[in-house]
Amino acid sequence: MKNKEAFLKYLFLACALVSILTTGGIIYVLLFETIAFFKEVSIIEFLTDKEWTPLFVNKHFGIAPLVCGTVLTSVIALAVALPMGLLVAVYLSEYAPAQIRRVLKPVFEILAGIPTVVYGYFALLFVTPLLQKFIPSLQGFNALGPGIVLGVMILPLVSSLSEDALYSVPTSLKAAGYALGATKLQVCFSVVVPTAFPGIIAAFILAMSRAIGETMLLAIAAGQMPNLTLNPLEAVETMTAYIVQISLGDTPHGTIEYRTIFAVGTVLFLMTLVLNTISYRIRERFIRI
Amino acid sequence: MMTLLEAPIIEKKESWMVTKPRRKAKLRLMEILFAIGVSISLFIGLGTLLALIIDVCIDGLPRLNWQFLTSFPSRRPAEAGILAALGGSIGLILITIIVSVPIGVGAAIYLEEYSRKNKLTDLIEINIANLAGTPSIIYGLLGLGLFVRFFGLERSLISGALTLSLLVLPIIIIAARESICRVPQTIREASFALGATKWQTIRDHVLPMAFPGTLTGIILAVSRAIGETAPLITMGALTYVAFLPDSLKSPFTALPIQIFNWVSRPQKGFHENAAAGIVVLLLVTFLLNAFALFLRDRLQKKSGIKSM
Chain A
8 MKNKEAFLKY LFLACALVSI LTTGGIIYVL LFETIAFFKE VSIIEFLTDK
58 EWTPLFVNKH FGIAPLVCGT VLTSVIALAV ALPMGLLVAV YLSEYAPAQI
108 RRVLKPVFEI LAGIPTVVYG YFALLFVTPL LQKFIPSLQG FNALGPGIVL
158 GVMILPLVSS LSEDALYSVP TSLKAAGYAL GATKLQVCFS VVVPTAFPGI
208 IAAFILAMSR AIGETMLLAI AAGQMPNLTL NPLEAVETMT AYIVQISLGD
258 TPHGTIEYRT IFAVGTVLFL MTLVLNTISY RIRERFIRI
Chain B
6 MMTLLEAPII EKKESWMVTK PRRKAKLRLM EILFAIGVSI SLFIGLGTLL
56 ALIIDVCIDG LPRLNWQFLT SFPSRRPAEA GILAALGGSI GLILITIIVS
106 VPIGVGAAIY LEEYSRKNKL TDLIEINIAN LAGTPSIIYG LLGLGLFVRF
156 FGLERSLISG ALTLSLLVLP IIIIAARESI CRVPQTIREA SFALGATKWQ
206 TIRDHVLPMA FPGTLTGIIL AVSRAIGETA PLITMGALTY VAFLPDSLKS
256 PFTALPIQIF NWVSRPQKGF HENAAAGIVV LLLVTFLLNA FALFLRDRLQ
306 KKSGIKSM
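As you go down the protein sequences, you meet chains A and B in turn. Take the working numbering: the final residue in the first sequence is number 296, and no numbers are missing along the way. Take the working numbering: the final residue in the second sequence is number 313, and no numbers are missing along the way.
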């Protein structure tokens, strides 16, 4: 009996340790291939070259165009999702009557639950043709259409996390605001939002991390041409789309082309790791979970 | 009493408290702007959902028939179907549930019932939080390096399912922990007082009470796993498969991969196939989500506690 109890405790501990092993596995796999990659390509070239052409005869390994594509689409997405997400969060937490909340919350959850390959179809075959009616110079593959769709996709994440932050503001602070004669809107934007600001920033950072890591939507609708540009009307390739592009081809194991996806993956993992950690720390410090 | 009422309560008004007409107009304007902003945001959010569903249905519903569900992929769009993709997806999901649910619930039990506040627990918690935010494509690279290469499982159904299991593990752990945490401490104490051991208490009282919440998390995890494409493509799932997976080591494809394959082709016929596939995928996802929401709603009503 005693033995069984102790055994179960260690069994459950082993389950919990899987999370550490997963992180360890990710770091091991990424580092292993990335180190092999950097034996053939110098880090200086990787960071400073302005071209990314590992599949061409004249190979260049500058990650700048891929990072640029990722940043461009993410910035467009955040420009859509942050203001809208905050407005919706303020509305839902301070204004919306219970019935409207009961309808809106599940709808937003459905929006968040749609597979990203579906958003890719929508961006490529609906949003981009629609935008082309207003902007004729928009290419078939571009950063703008999928960027906007990505923004709508992460909107529920921004609004629900910001809403949690707004909820944690003590009622006494709001009451103090009203007692001073402030209107509801004034209380919202000069008391509630500033007090919840760390939580809102944490939500924004997490949304940024999500946008950077999004794959299928951008692989389908943004294009597969590494392009060092900030023009949202042109086709770009994100880091994630590049990994998909190589994975679809039959690149043999152990070649430099095969290793590029791990090098790109390492950059992607580091970027999201930094953002997630910042967001986690902010929430840990300012919000009692 | 009288003196108090007569006394001027506010002697000097702060400048911002004086509601001059101009100030009032400005406040009114801000309120209108706020209302417009909220309306636009809600319109874009809901409008996108509606436009997406309508667009996909217009493109895909005419193509959706029995032949489409029971045919293997083909060069000719009109003869192609999603049988292999459906078979692959079902296989993936079943194995993923079998692998991830026991580990996820086990980890949650450890963290809620056994762990003490120490460095190891902190490390586990930080890892789970970070894994929940790691892009899915990174899991694909993990699957490729670990299961496909290191363990030599090839680009098979089992490699794909193990990759997806690791991907959804944080979702299950977080949901199971929340439901276990919400089981009142008094239940445990009552059970201990009757002489039950720790495991008996967990098995007979804590887990049954935490079941609905955990199930909600599991359903959401399944709905996530069904739609995942990037990790499977990265670990090397095939895009053209004309057979059903018949073993754990069998090559496979999955519904979202088949959709992706059809979207990336230029012919309009394949786009229609993609739309029809999306209708099936959305239907499954919506049904799962609706079921999860329904469970959570019932749970909330029953316990009166706001969950998740």
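Just so you know, the hints here were simulated from the structure itself, not pulled from any lab data. Fair warning: there could be bad hints in the mix.
35 Å max Cα-Cα, derived DSBU-like pairs, lysine-lysine [stated by the list, open to error]:
hint: 1; chain 1: B; residue 1: Lys203; chain 2: B; residue 2: Lys122
hint: 2; chain 1: A; residue 1: Lys112; chain 2: B; residue 2: Lys254
hint: 3; chain 1: A; residue 1: Lys16; chain 2: B; residue 2: Lys203
hint: 4; chain 1: B; residue 1: Lys31; chain 2: A; residue 2: Lys9
hint: 5; chain 1: B; residue 1: Lys306; chain 2: A; residue 2: Lys191
hint: 6; chain 1: B; residue 1: Lys124; chain 2: A; residue 2: Lys11
hint: 7; chain 1: A; residue 1: Lys57; chain 2: A; residue 2: Lys112
hint: 8; chain 1: B; residue 1: Lys306; chain 2: A; residue 2: Lys16
hint: 9; chain 1: B; residue 1: Lys122; chain 2: A; residue 2: Lys16
hint: 10; chain 1: B; residue 1: Lys31; chain 2: B; residue 2: Lys124
hint: 11; chain 1: B; residue 1: Lys306; chain 2: A; residue 2: Lys112
hint: 12; chain 1: A; residue 1: Lys46; chain 2: B; residue 2: Lys254
hint: 13; chain 1: A; residue 1: Lys57; chain 2: A; residue 2: Lys140
hint: 14; chain 1: A; residue 1: Lys112; chain 2: A; residue 2: Lys16
hint: 15; chain 1: A; residue 1: Lys57; chain 2: A; residue 2: Lys46
hint: 16; chain 1: B; residue 1: Lys29; chain 2: A; residue 2: Lys112
hint: 17; chain 1: A; residue 1: Lys16; chain 2: B; residue 2: Lys29
hint: 18; chain 1: B; residue 1: Lys124; chain 2: A; residue 2: Lys181
hint: 19; chain 1: B; residue 1: Lys31; chain 2: A; residue 2: Lys191
hint: 20; chain 1: B; residue 1: Lys122; chain 2: B; residue 2: Lys306
Outcome of the hint check:
1. Pair hint Lys203/B plus Lys122/B holds up; C-alpha atoms about 19 Å apart against a cutoff of 35 Å.
2. For the proposed pair Lys112/A and Lys254/B, the alpha carbon gap of about 41 Å is over 35 Å, so the pair is violated.
3. Taking the CA atoms of Lys16/A and Lys203/B, the gap is about 10 Å. The hint holds against a cut of 35 Å.
4. About 73 Å separates the Cα atoms of Lys31/B and Lys9/A, which puts this hinted pair outside 35 Å; it is violated.
5. Between Lys306/B and Lys191/A the CA atoms are separated by roughly 30 Å; this keeps the pair inside 35 Å, and the hint holds.
6. At roughly 26 Å between alpha-carbon atoms, Lys124/B and Lys11/A fall within 35 Å of each other, so this suggested pair holds.
7. Our distance criterion of 35 Å between C-alpha atoms is broken by Lys57/A and Lys112/A, whose separation comes to about 44 Å.
8. Proposed proximity of Lys306/B and Lys16/A is supported: the alpha carbons are some 33 Å apart, at most 35 Å.
9. This hinted pair checks out: Lys122/B and Lys16/A have alpha carbons roughly 16 Å apart, not beyond 35 Å.
10. Distance restraint check for Lys31/B and Lys124/B: the Cα-Cα separation of roughly 54 Å exceeds the 35 Å cut-off, and the hinted pair is therefore not satisfied.
11. Proximity of Lys306/B to Lys112/A is assessed by CA-CA distance (about 17 Å); at most 35 Å being required, the pair is judged to hold.
12. Only pairs whose Cα atoms come within 35 Å are accepted, and Lys46/A paired with Lys254/B is accepted, the gap being roughly 34 Å.
13. For a cut-off of 35 Å, the pair hint linking Lys57/A to Lys140/A stands: about 33 Å separates their Cα positions.
14. For a cut-off of 35 Å, the pair hint linking Lys112/A to Lys16/A is broken: about 38 Å separates their Cα positions.
15. A C-alpha spacing of about 20 Å is found between Lys57/A and Lys46/A, which places the hinted pair at or below 35 Å, so the restraint holds.
16. Restraint check for Lys29/B and Lys112/A: the C-alpha separation of about 33 Å stays at or below 35 Å, so the hint holds.
17. The hinted pair formed by Lys16/A and Lys29/B fails the criterion: a straight-line CA distance of about 65 Å is larger than 35 Å.
18. Using a Cα cut-off of 35 Å, the hinted pair Lys124/B and Lys181/A is violated, with the two alpha carbons roughly 38 Å apart.
19. Annotation: proposed proximity of Lys31/B to Lys191/A holds, straight-line Cα distance about 14 Å (limit 35 Å).
20. For the hint linking Lys122/B to Lys306/B, the alpha-carbon distance of about 33 Å falls within 35 Å, and the restraint holds.
Hints 2, 4, 7, 10, 14, 17 and 18, counting from the list given before, are not met by this structure.
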